[in-house]
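Undergrad: Position chain B against the provided structure of chain A, taking the given hints into account.
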Amino acid sequence: MADTLAIETKGLTKNYGKVTVVDHLNFHVKEREVFGLLGPNGAGKTTTILMMLGLTEPVSGTVRVFGFDSTREPIKVKRIAGYLPESVGFYDSLTARENLEFVADLNNISRAESKQRVDKVLEMVGLTKERDMLTGKFSRGMKQRLGIADVLIKEPKLIILDEPTSGLDPQGINQLLDLIAGLPGMGTTVLLSSHQLYQVQRVCHSIGILSRGKMVIEGSIDKLGREAMAGGRFVIEVEIAEPKAELADIIRKVRGVEKVEADGNTLKISTNSDLRSQISKAVVNSNALLVQMKLHEFSLDDIYMKYFKESQD
Amino acid sequence: MLAIMRKELADYFNSIRFLVLFLLVLVASGFGLYAVQQGIRATLEASQAVTTSGFVFLALFTAYYQNIPPLTFSLGLIVPIVGIALGFDAINSERSGGTMSRILSQPVYRDSVFNGKFLAGIITMTIMIGTTLLLVAGYGLRMIGVPPTAYEFIRLFIYLVITVIYGAFWMALAMLFSVIFKRAAGSLLIPIAIFLVFYFFWVMLGLGPAIANALVPAGSESTLETQIKNAEMQLTFLRFSPSYLFQEAFVMLLVPVSKGLGIITVAQAEYMIQNPLSLGQSLMVIWPHVVGLISLSAICFGISYIIFMKQEIRAT
Chain A
20 MADTLAIETK GLTKNYGKVT VVDHLNFHVK EREVFGLLGP NGAGKTTTIL MMLGLTEPVS
80 GTVRVFGFDS TREPIKVKRI AGYLPESVGF YDSLTARENL EFVADLNNIS RAESKQRVDK
140 VLEMVGLTKE RDMLTGKFSR GMKQRLGIAD VLIKEPKLII LDEPTSGLDP QGINQLLDLI
200 AGLPGMGTTV LLSSHQLYQV QRVCHSIGIL SRGKMVIEGS IDKLGREAMA GGRFVIEVEI
260 AEPKAELADI IRKVRGVEKV EADGNTLKIS TNSDLRSQIS KAVVNSNALL VQMKLHEFSL
320 DDIYMKYFKE SQD
Chain B
965 MLAIMRKELA DYFNSIRFLV LFLLVLVASG FGLYAVQQGI RATLEASQAV TTSGFVFLAL
1025 FTAYYQNIPP LTFSLGLIVP IVGIALGFDA INSERSGGTM SRILSQPVYR DSVFNGKFLA
1085 GIITMTIMIG TTLLLVAGYG LRMIGVPPTA YEFIRLFIYL VITVIYGAFW MALAMLFSVI
1145 FKRAAGSLLI PIAIFLVFYF FWVMLGLGPA IANALVPAGS ESTLETQIKN AEMQLTFLRF
1205 SPSYLFQEAF VMLLVPVSKG LGIITVAQAE YMIQNPLSLG QSLMVIWPHV VGLISLSAIC
1265 FGISYIIFMK QEIRAT
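Those sequence lines, one after another, are chains A and B.
All the letters of the first sequence, read from the start, carry residue numbers 20 to 332 under my numbering.
All the letters of the second sequence, read from the start, carry residue numbers 965 to 1280 under my numbering.
Chain A on its own, in the form it takes in the complex (with noise of 0.2 Å):
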């Protein structure tokens, strides 16, 4: 394999007595990406992290996280891996600088490398003045963005943040997910299991939507957009100032255009390619007024509950 893969699982199964939880799951994470792995509640979201992890024993199946098998090698994936789960806990008795050295310390980190890096990791997340302070007294938001900078500390090739906006405001979010988009930069790879779809529609390259344990679909954003809503087509809206019936046989005449709708004062085209610049000149030649054209944006929000409405039916 030329391209490494961050994450590789093949037939990966879990099941708690009868009730099948994640079932035969096949994705891959490449390297370097921000990768959101979406679902319902009760998906397999976390069971799949926590398989990833080791923490869990797959019922059949493999994961691979970077080449080690995470149910054999646990050790060596938790190397390499940070993990931030849902609900983050400290030790409400040690200050957040005590806790990030223990942590620290478990990854072998010698005690002066321990103490930049905590420094360092601290100032990422904004905690530098909280940092003498005893965590029982953190806020949520705060333990979530210590939680960050405990992933953060071992430096890992492989970020898996499970739910990481739960429980902050919107400024912690938007530093947050301003965070996760720069990591990539650094040569970390980051897996984000979310509901919050805007969050990972803004961060994310690719994303895996997870529903009853299966991957109903995967792959980019854009991409699965057109895929999923128009059948791999691009929509073309174009809003006219006074219509008239003619002009959608003008430009059904356009060379690749397969479909015209007309709603009111916009005219929805589909297209088998990006055809804005044909489309405007015809509107133009026939003399109607053209006021506006937008190529179709088609949001998470859209592919989401199409996958999830079919998944349920």
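Worth double-checking, as some hints may not be accurate.
[What the hints assert, rightly or not] Partial list, derived from the structure: chain B residues whose beta carbon lies under 8 Å from chain A:
| id | residue |
| --- | --- |
| 1 | Ala967 |
| 2 | Lys971 |
| 3 | Gly1062 |
| 4 | Thr1063 |
| 5 | Ser1065 |
| 6 | Ile1067 |
| 7 | Leu1068 |
| 8 | Pro1071 |
| 9 | Tyr1073 |
| 10 | Ser1242 |
| 11 | Glu1276 |
Keep in mind the hints are simulated off the structure, nothing from the lab.
All C-beta atoms in this analysis are idealised placements derived from N, C-alpha and C, irrespective of residue type, glycine included.
TA: Just chain B now, with coordinates in the frame of chain A:
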């Protein structure tokens, strides 16, 4: 593992729990000293140590005065409580605090979490018990002015080791329940209940001997054979209790004039010579007890291991 042990030790020493336990231990040694001050002369005369064997220093730990128990007795009561207090929330507090999944997502083996905590507990207990013994030894030395002989010193050291093993058993038991139970309340109450059953009911209130009596009834009119059988059965049942094992072990160690632990008839006793056992002989008598205590801890440890390894570590 060392990292976890360091952290746990620091935690223990800074906690209020440790302070309370230490006060308890101090009170016990205070009581012990008082008992010694009042009763050492009588104890020594009774055991004829002054005239025959010369184990004066050891009497500091076994002398009692009327209702005030000797130090060893108080330690036998306190050490299990210390062990349980150190171990009862070892695993489930991490779990409920959400720190377990954070630690286990670091490159550490699960057993090193367990071992680190156990080791830290043992070190803490050793420090506590060692301090008590040194305290009593030091004050006692001032009081009686008789320095310990080398043999007495070795016996005291072995006593320390056995006491730590005894405490370690109760800690392992408490840790076992901290793995099984999600809440600290359950994992505290059940080991304490077990301790109460085996200490008060089984040994002190005679539940164990009572069962033996029911199995092999014997009265004053029964044959010698039945009586001996009855006595042996009683002893066997008593030895089901870890507390009794410990008690027998330390008595043999610290009161060298005591003879073996089997049944001795009055006729036999008449021919016994009141001289102390040598250290090797004493150790030989209590060896099964020590092995028993260690294997009890090992069993608790093993079960906890198996359950803990298979448990799923979820954050919520």
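Undergrad: Tell me, which hint numbers fail for this structure?
TA: Of the numbered hints, just 10 does not hold.
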